[in-house]
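Chemist: Given next are the chains, with one letter for each unit.
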Amino acid sequence: MTDAPVEERQQLDADEAALVARLRAGDERAFDDVVTRFYPSMLSVARGYVRSRSVAEEVVQEAWLGVLNGLDRFEGRSSLRTWVLRIVANTAQTRGVREARVVSISSLRSESEEPAVEPQRFRGEGDPFPGHWWSYPTDWRTLPESKLLSQETLDVVKNAIDELPEMQRTVITMRDVAGCDSDEVCQTLEIGEGNQRLLLHRARARVRTVLERHLDA
Amino acid sequence: MREPTREFEHGYTCNQVVELATDYVEHALPPQLVEPFEMHLNFCDGCFTFVEQIRTTAELGGRLTEEQIPEETKAQLLAAFREWQQR
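Heads up: the protein sequence lines correspond to chains V and B, in order.
The numbers in the first sequence follow numbering that gives the first Met the number 0, run straight up by one, and end at 216.
The numbers in the second sequence follow numbering that gives the first Met the number 0, run straight up by one, and end at 86.
Simulated from the structure, these hints should not be mistaken for laboratory data.
A couple of the hints might just be wrong.
Unchecked claim - Computed, partial: chain V to chain B, Cβ under 10 angstroms: (1) Q186; (2) I190; (3) R207.
Said to hold, decoys possible - Stretches of chain V that chain B covers, calculated by requiring three or more beta carbons in the stretch to come under 8 angstroms of a beta carbon on chain B: (4) 59-68; (5) 127-133; (6) 136-142; (7) 149-160; (8) 174-183.
As the list claims (entries may be wrong) - Pairwise CB distance ranges, derived in the manner of DEER restraints: (9) V:R21 to B:P69: 21 to 31 angstroms; (10) V:D215 to B:E70: 21 to 31 angstroms; (11) B:E58 to V:E27: 27 to 37 angstroms; (12) B:Q31 to V:R76: 26 to 36 angstroms; (13) V:D32 to B:G61: 16 to 26 angstroms.
Remember, predicted model here, so these are calculated numbers, not experimental data.
Ideal Cβ positions, reconstructed from N, Cα and C, are used throughout, including at glycine.
Model the full assembly from the supplied sequences, consistent with the hints where possible.
Modeler: Structural data, given as structure tokens:
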């Protein structure tokens with residue numbers, strides 16, 4: 000959205016201002032629309048902070064009460080969704096030390112040391128071409144679409160995402176599944192652009208590895 | 000498969016390229032690194048394919064059905080919304 004032309008951005012702002020006005024006026028259809036659209040990304044943010052699915056759902060519900068209480072004070076300095084997602088993150092964090100988590104530097108560091116591809120895939124130091132592939136990954140574009148886009152493949156992707164460490168799972172779900180942009184993720188999770196990209200990279204790399212095992216089998 | 004040649008390198012080895020793949024697809028690679036990166040992709044089918052696989056991985060994520068809000072939750076939220084209106 001940051002790349003949107005100015006006119007488009009202004010149009011979005013106008014649409015959003017109208018939506019906020021309808022919510023403040025108690026328009027139930029506007030409320031229904033917003034709840035339905037925001038719920039998936041709200042749940043994915045909550046699940047980045049709390050382990051259990053049922054607690055995450057409670058966090059989302061509690062966050063909605065925070066949204067309603069704060070709606071009159073919403074100034075439109077961020078998008079409505081970013082503001083809502085920030086409230087979800089805050090709500091999740093205040094759930095208590097045991098359930099809540101923050102991005103610790105040590106967790107980012109351990110994730111940053113994890114290679115995107117298993118080191119055995121590359122030639123070693125003694126080889127004339129150290130650091131080059133032993134054998135290339137296969138070109139998925141040659142696969143029939145019925146296989147690449149099959150429900151089975153999508154289930155593999157979904158399970159691989161579910162297995163990721165919390166912050167990686169949150170970032171990839173917000174970016175790739177819910178379609179948030181990187182600014183939205185950074186603001187919601189209060190992480191820098193570089194860390195956001197690192198988490199996304201680790202997440203996509205892990206999912207790619209799982210997909211490769213599935214598709215090459 | 001072709002044997003790699005020195006031409007592949009252009010300053011990068013494949014195991015370095017794979018670590019920059021997300022920066023590249025996110026258009027976040029520093030400008031001075033874009034050309035050597037793309038030059039590597041031009042010569043290296045393995046890394047070209049890897050970058051395509053990363054893009055495909057992201058696209059497949061976009062095809063997942065997002066979790067829908069349970070009707071019961073929606074009803075509870077709507078009740079809270081009505082209550083909030085009564086303030």
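Chemist: Any hints from earlier that this structure breaks? Give me their numbers in increasing order, please.
Modeler: 1, 2 and 10
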